[in-house]
Amino acid sequence: MKSFIKIITVVSLIATLVSCTGEKRERQIQYMGDTDMYDAVPYEAYSKVKILPNEMEAQRPVAGTVARGKIPYDYPNSEAGYQLAKDSLHSPLQLTKANLDQGKYLFDMYCAICHGTKGDGQGTLVQREKFLGVPNYKDREITEGSIYHVIMYGRNMMGSHASQLEAKERWQVVQYVEHLRNELLK
Amino acid sequence: MKSVLQHTKIQRFILSSLSFILLFTVHLSAQNGDAKKGKGIFNANCAACHKLDKKLIGPALEGISEKRTKEWLHAWIKDNNALRASGDADAIAIYEEFNKMPMTPFPQLSDQDIDDILAYTDNKPEAKPQSGGGASSAAALGIDSLQVVKGKKIFNANCAACHKLDGKLIGPALRNVADRRTADWLKAWIKDNNAFRASGDADAIAVYEENNKMPMTAFPQLSDEDIKAIIAFTSHEDILTAKAPTVAGGGEGNDGIATPKESTSWMTYIVLVVILLLVLWVYLGSKNEFLKLVTTIALLLGAGYAGYAWMMSIGVDQGYKPIQPIAFSHKIHAGDNKIDCQYCHSNAKHSKLSGIPSVNVCMNCHKSISEYNGPVTSEKDKAFYDGEIQKIYKAIGWDSEKLAYIEGYKQKPIQWKRIHNLPDFAYYNHSQHVTVAGLKCQTCHGPVEEMDEVYQYSELTMGWCLDCHKKTDLKLESNEYYTKIHEELSKKYGVEKATVAEMGGRECGKCHY
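Those sequence lines, one after another, are chains A and B. FYI, the numbering for the first sequence is 4 to 189, going by the working numbering. FYI, the numbering for the second sequence is 4 to 516, going by the working numbering.
To be clear, the hints were calculated from the coordinates, so they are not data collected in a lab. The reader is advised that the hints may include incorrect statements.
[Said to hold, decoys possible] As a list, the in silico DSS-like pairs of lysine-lysine whose alpha-carbon atoms are at most 30 angstroms apart:
id: 1; chain 1: B; residue 1: K443; chain 2: B; residue 2: K57
id: 2; chain 1: A; residue 1: K121; chain 2: B; residue 2: K443
id: 3; chain 1: A; residue 1: K51; chain 2: B; residue 2: K334
id: 4; chain 1: B; residue 1: K295; chain 2: B; residue 2: K341
id: 5; chain 1: B; residue 1: K57; chain 2: A; residue 2: K100
id: 6; chain 1: B; residue 1: K40; chain 2: B; residue 2: K156
id: 7; chain 1: B; residue 1: K487; chain 2: A; residue 2: K171
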């Protein structure tokens, strides 16, 4: 009998030990976890909200409204819109060093992965043959308007980058792309 | 006797690899020779809209010169608008067929460039079967893929610190080193390069001089078999990439990190079990009362410590690593492919939250990347990763055959599990730390670019926040906002620099209100 108890103890102790490793897939318990000091009363960003469409907290602005500080972009997402922007859209920003520097910072973050830091179409993804067909800027007839339009809507296999950049930042990137293109054309 | 045998084996091996290379060159030269250049031009100019075997934005181009004449193709590629305007029926038909989607004209391509492209589209085998065919012919020639796998292991363990296959590291690149050196030379060099140089071998001295007399470690411990395996690896590494799934499936875990970790945790188990048995023996088997007393005190202290540690961990989720709905790997995206953190977490620069990218951001790349071709392991093979990418398409309603969003699709949000989460009573803002202070994400989140699955690296306790605020100096220069505050602060504390805490980063109200 005694040895039976011994065996049980040893086995159960080993079992407990083994069961406590591994990856931490659950959260720790929280002190006063259910009070609203810990969990927000208002909806948290990206949280699930039953009553909203698609049960998402993150919703698009209501159609026809313009959020504060945003400037609507009226050129349509079509070939005609592209041509129109190419010919008639101009940058509101002045060419300054500060704008160019910020443009470079943002370009290296958002575009260089495909277009390469020099704009020659040799970004990391291209060199690793993951994403192909990125043009060298010097081979394209592009203007500030068309570059802005392409950031807004994308073009062919390039997607829109409007959600990652604000209006002013897009223009700074445009300025830097033009600068790169001029360097490449030299 | 043995060394002679060895010798002939090596010779046979070299011969076979030579014939393999020869075979391959013959194979290539049969393809007009320019297909390789054509591939480069194709990838740079056409691949955005064309694939060889599948419709993309434009039609598939494999074997196109069987369908059209050469002159037509030249005219079309150089300026398809002009060709259409000239009234060519084929040109107009294909334009209509593709919903009048205009193709970019390429006046900058020379006739030679276009011929190269056509050589490539006619001989598509160049790219893929190079490895596939390589593998089978390598097998036919008796090159054992297991040997290559073994060579890779030895190479990674001994040589990778100083050598890469492509590109110089500390020592020269070693891909196909067997092409420039004989097997005997390599054996002598690897076993003891100092002695070999001392013996007066001209090549050995030359390579030493070329590399600024950087000494290479001697490896007398490597057997001839090992060295053969290394050479097989340097010459036939491509078999591995071609047949990776089967190789990994063969039980060769190339996941070098996982194994030692597991064995250490088993070591702790064994130690713990031994201690347990000792304790049990003390209570149940021993008659020594003093020993029992000491053990009891030790156990009580241990229990107290464990209880304290457990209570201190309440609400601290360090190490938390939930299972995410898509096995999205930061190692593959931010590590291997070097995508900037803020490409996806683009809110960090302006807002409190860093944000999790919405699916349209994923689609910027995954419209084109519908398959995974990177390195795989035995648990996670290509089919697994491809399935994970399909989950993105299911969420947003993307038809990867037609390459278009499905109309009227009911999109489903991807429900990522949030990992880092401060309690609601603490205010933390990313833009203040990332944009204003210029901190790297990794200071707080750890080496995310090495994590397959993200986990919480830091404690995120109040002590952790304050520690950093006490230690870190403000970045005062080139920030107009700080000019006045800086003056006041340096007057108050009589120092040039000020820490975050001195500016007020320890006041309760800054984070709790």
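30 angstroms Cα cutoff - pair K295 (chain B), K341 (chain B): Status violated; Cα separation ~59 angstroms.
Hinted pair K487 (chain B) and K171 (chain A), Cα distance within 30 angstroms: holds (28 angstroms)
Straight-line alpha-carbon gap K40 (chain B) to K156 (chain B), limit 30 angstroms: violated (34 angstroms)
30 angstroms Cα cutoff - pair K443 (chain B), K57 (chain B): The given pair, whose Cα atoms are some 42 angstroms apart, is violated under the 30 angstroms limit.
30 angstroms Cα cutoff - pair K51 (chain A), K334 (chain B): holds (28 angstroms)
Agreement of K57 (chain B) and K100 (chain A) with the hint, judged by alpha carbon distance not exceeding 30 angstroms: Given pair K57 (chain B), K100 (chain A) is violated - Cα atoms ~45 angstroms apart, limit 30 angstroms.
Given hint K443 (chain B) paired with K121 (chain A) - CA-CA distance at most 30 angstroms: Satisfied, since the Cα-Cα distance of roughly 24 angstroms is no more than 30 angstroms.
In summary, the numbered hints that this structure violates are 1, 4, 5 and 6.
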